[in-house]
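Given chain X, work out where chain E should sit, using these hints.
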Amino acid sequence: MTKNHGEDSHSHLDEMEVRVRALESLLVEKGYVDPATLDEIVETYEKKIGPKNGARVVARAWSDPDYLARLRKDGTAAIAELGYGGRQGEHIRIVENTDKVHNLVVCTLCSCYPWSVLGLPPVWYKSAPYRSRAVSEPRAVLAEFGVELPADTTIRVWDSTAELRYLVVPRRPGGAEGWSEERLAALVTRDSMIGTGLAIVPGQGA
Amino acid sequence: MNGLHDMGGMQCFGPVVPEPGEPVFHARWERRALALTVAMGAAGAWNIDRSRHARERIEPARYLSSSYYEIWIAGLETLLAEAGLATAAEIAAGKPSAPGKPVRKVEGASAMAAVLAKGGPADRPPVGAPKFRPGDAVRTRNLNPPGHTRLPRYARDKDGVVETVAGFHVFPDSNAHGSGEAPQWLYTVRFDAAELFGGEADHQVHVDCWESYLEAR
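Each protein sequence line maps, in turn, to chains X and E. Numbered according to my numbering, the first sequence spans residues 1 to 206. Numbered according to my numbering, the second sequence spans residues 1 to 217.
Isolated chain X, as found in the complex (with noise of 0.2 Å):
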């Protein structure tokens, strides 16, 4: 869990290469899998679902106050309003960030994340470092991101260790008054999700 994959050798990949590709044989010959199946898994986690989801779902929350009040009810509910649910999506309830508040989610035991609003999670979210010290030491990771809150901001952590998926509401930035909701999710990222990162402020880039 601490490797980079940049750091893996070459010899090293061709090995799970090779394993990998015996392994899927294996199971298409025996009849447990189609490779067609197999594709459209990959096309559906790499090209159809992601953080995009989730920003749409933000900046609706932002713009619309009756949305965001039944955000808060039931996450999954309203989010499947947006059509978006499903596998690693059953049971979301979304965190909101305020002046006084700042949410930071984590999967301690191993990778639990919203799959069905943020798509699968990056390497750095199911690595040991992350895992390990998000619980103890929230302020320490974050500034890792460069985020430094008020010393009065209180932190809170979600570790995932049900089917619950949390998803953060970062709070709006100024400077975005009166912004359609399409331009509204460009400010809203991924980190800002998850936590470890605060929306784009308009003028100031990523």
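Hints listed in this document are in silico derivations from the structure and should not be mistaken for laboratory results. Just to be clear, a hint being listed does not mean it is correct.
Cross-link-like lysine to aspartate or glutamate pairs, in silico, DMTMM-like; alpha carbons within 20 Å at most [as the list claims (entries may be wrong)]:
#: 1; chain 1: X; residue 1: Lys73; chain 2: X; residue 2: Glu90
#: 2; chain 1: X; residue 1: Lys126; chain 2: E; residue 2: Glu56
#: 3; chain 1: E; residue 1: Lys118; chain 2: X; residue 2: Asp74
#: 4; chain 1: E; residue 1: Lys105; chain 2: X; residue 2: Glu137
#: 5; chain 1: X; residue 1: Lys73; chain 2: E; residue 2: Glu200
#: 6; chain 1: X; residue 1: Lys73; chain 2: E; residue 2: Glu59
#: 7; chain 1: X; residue 1: Lys126; chain 2: X; residue 2: Glu137
#: 8; chain 1: E; residue 1: Lys95; chain 2: X; residue 2: Asp74
#: 9; chain 1: E; residue 1: Lys118; chain 2: X; residue 2: Asp39
#: 10; chain 1: E; residue 1: Lys95; chain 2: X; residue 2: Asp34
#: 11; chain 1: E; residue 1: Lys101; chain 2: X; residue 2: Asp74
#: 12; chain 1: E; residue 1: Lys105; chain 2: X; residue 2: Glu96
#: 13; chain 1: X; residue 1: Lys52; chain 2: X; residue 2: Glu15
#: 14; chain 1: X; residue 1: Lys100; chain 2: E; residue 2: Glu211
#: 15; chain 1: E; residue 1: Lys105; chain 2: X; residue 2: Glu15
#: 16; chain 1: X; residue 1: Lys100; chain 2: E; residue 2: Asp192
#: 17; chain 1: X; residue 1: Lys126; chain 2: E; residue 2: Asp123
#: 18; chain 1: E; residue 1: Lys118; chain 2: X; residue 2: Glu46
#: 19; chain 1: E; residue 1: Lys118; chain 2: E; residue 2: Asp136
#: 20; chain 1: X; residue 1: Lys30; chain 2: E; residue 2: Glu215
#: 21; chain 1: X; residue 1: Lys100; chain 2: E; residue 2: Glu59
#: 22; chain 1: X; residue 1: Lys52; chain 2: E; residue 2: Glu59
#: 23; chain 1: X; residue 1: Lys47; chain 2: E; residue 2: Glu22
#: 24; chain 1: X; residue 1: Lys48; chain 2: E; residue 2: Glu82
#: 25; chain 1: E; residue 1: Lys101; chain 2: X; residue 2: Glu43
#: 26; chain 1: X; residue 1: Lys126; chain 2: E; residue 2: Glu211
#: 27; chain 1: E; residue 1: Lys95; chain 2: X; residue 2: Glu15
Relative to the frame of chain X, chain E by itself:
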């Protein structure tokens, strides 16, 4: 199981290193590792709790020196062998020595899209009333089961407060071992960081806890 997967509060792993512009996958085999794991999960020979437990049972030194999808592949190989769907020799050779056994379902590509869109909710029709309510003071039990559990070590034998009643959910500690779903009330419990880790930490940590992890205080 007090395994290495249970990392919360450990201190030896160094800084978090985000990768700018990280791709979804870093190699072709990672795509297939994800797809094989998801597709075999849909075949119905095991449940998600059992598959998590197969990964956390990997020998600790190997667990730490493996990348994420290597752990998934190792877990999948364990599950296949334990379910009697492929022998270790077949997995090593990449060739069947006997025909496949019946599995519950082999999804086609178009059906799989619907399976992913539907997901697998973990809530069940409630039986009985929840023992705790929001605001109740609770203490986590000092549990150290040899099998699968979702109560992290850092949150055992600690004082917390029930934040929400989160539903009536399948109990992984049972479901991972073929002992049935045994659903229970699930609670989100808030802990002060100082209670969990000592010192002057002033943040809060929320852990989702099944009712049998908790006692009143």
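Here is what the structure says about each hint:
1. A distance of roughly 15 Å separates the Cα atoms of Lys73 of chain X and Glu90 of chain X; the hinted pair therefore holds under the 20 Å criterion.
2. Taking the CA atoms of Lys126 of chain X and Glu56 of chain E, the gap is near 14 Å; set against the 20 Å cutoff, the hint holds.
3. Distance hint between Lys118 of chain E and Asp74 of chain X is fulfilled; the C-alpha atoms sit about 17 Å from each other, no more than 20 Å.
4. Annotation: proposed proximity of Lys105 of chain E to Glu137 of chain X is violated, straight-line Cα distance about 45 Å (limit 20 Å).
5. Distance restraint check for Lys73 of chain X and Glu200 of chain E: the Cα-Cα separation of roughly 34 Å exceeds the 20 Å cut-off, and the hinted pair is therefore not satisfied.
6. Between the alpha carbons of Lys73 of chain X and Glu59 of chain E the distance comes to roughly 42 Å, so the proposed pair goes past 20 Å and is violated.
7. Our distance criterion of 20 Å between C-alpha atoms is met by Lys126 of chain X and Glu137 of chain X, whose separation comes to about 17 Å.
8. A distance of roughly 48 Å separates the Cα atoms of Lys95 of chain E and Asp74 of chain X; the hinted pair therefore is violated under the 20 Å criterion.
9. Restraint check for Lys118 of chain E and Asp39 of chain X: the C-alpha separation of about 18 Å stays at or below 20 Å, so the hint holds.
10. Our distance criterion of 20 Å between C-alpha atoms is met by Lys95 of chain E and Asp34 of chain X, whose separation comes to about 16 Å.
11. Taking the CA atoms of Lys101 of chain E and Asp74 of chain X, the gap is near 41 Å; set against the 20 Å cutoff, the hint is violated.
12. Under the criterion of a C-alpha separation no larger than 20 Å, the hint pairing Lys105 of chain E with Glu96 of chain X is inconsistent with the structure, at around 40 Å.
13. About 34 Å separates the Cα atoms of Lys52 of chain X and Glu15 of chain X, which puts this hinted pair outside 20 Å; it is violated.
14. Taking the CA atoms of Lys100 of chain X and Glu211 of chain E, the gap is near 31 Å; set against the 20 Å cutoff, the hint is violated.
15. Between Lys105 of chain E and Glu15 of chain X, the direct Cα distance comes to roughly 30 Å. Violation of the 20 Å bound is thereby established for this hinted pair.
16. With a C-alpha separation of about 17 Å, the suggested pairing of Lys100 of chain X with Asp192 of chain E holds against the 20 Å cut-off.
17. Proposed proximity of Lys126 of chain X and Asp123 of chain E is contradicted: the alpha carbons are some 25 Å apart, above 20 Å.
18. Straight-line distance between C-alpha atoms of Lys118 of chain E and Glu46 of chain X comes to about 18 Å, which keeps the hinted pair within the 20 Å bound.
19. Of the supplied pair hints, the one linking Lys118 of chain E and Asp136 of chain E is violated, its CA atoms being roughly 35 Å apart against a limit of 20 Å.
20. Simply put, Lys30 of chain X and Glu215 of chain E have alpha-carbon atoms about 48 Å apart, too far for the 20 Å limit, and the pair is violated.
21. The suggested pairing of Lys100 of chain X with Glu59 of chain E is violated, with an alpha-carbon distance near 43 Å, which exceeds 20 Å.
22. Between Lys52 of chain X and Glu59 of chain E the CA atoms are separated by roughly 37 Å; this puts the pair beyond 20 Å, and the hint is violated.
23. A C-alpha spacing of about 14 Å is found between Lys47 of chain X and Glu22 of chain E, which places the hinted pair at or below 20 Å, so the restraint holds.
24. Taken as a hint, the Lys48 of chain X and Glu82 of chain E pair is broken in the structure, with Cα atoms around 34 Å apart against an allowance of 20 Å.
25. For the hint linking Lys101 of chain E to Glu43 of chain X, the alpha-carbon distance of about 28 Å lies beyond 20 Å, and the restraint is violated.
26. Between Lys126 of chain X and Glu211 of chain E the alpha-carbon distance is near 27 Å, which puts this suggested pair outside the 20 Å criterion.
27. A threshold of 20 Å between alpha carbons decides the hint, and for Lys95 of chain E with Glu15 of chain X the separation of about 17 Å falls inside it, so the pair holds.
The structure does not agree with the numbered hints 4, 5, 6, 8, 11, 12, 13, 14, 15, 17, 19, 20, 21, 22, 24, 25, 26 stated previously, though it agrees with the rest.
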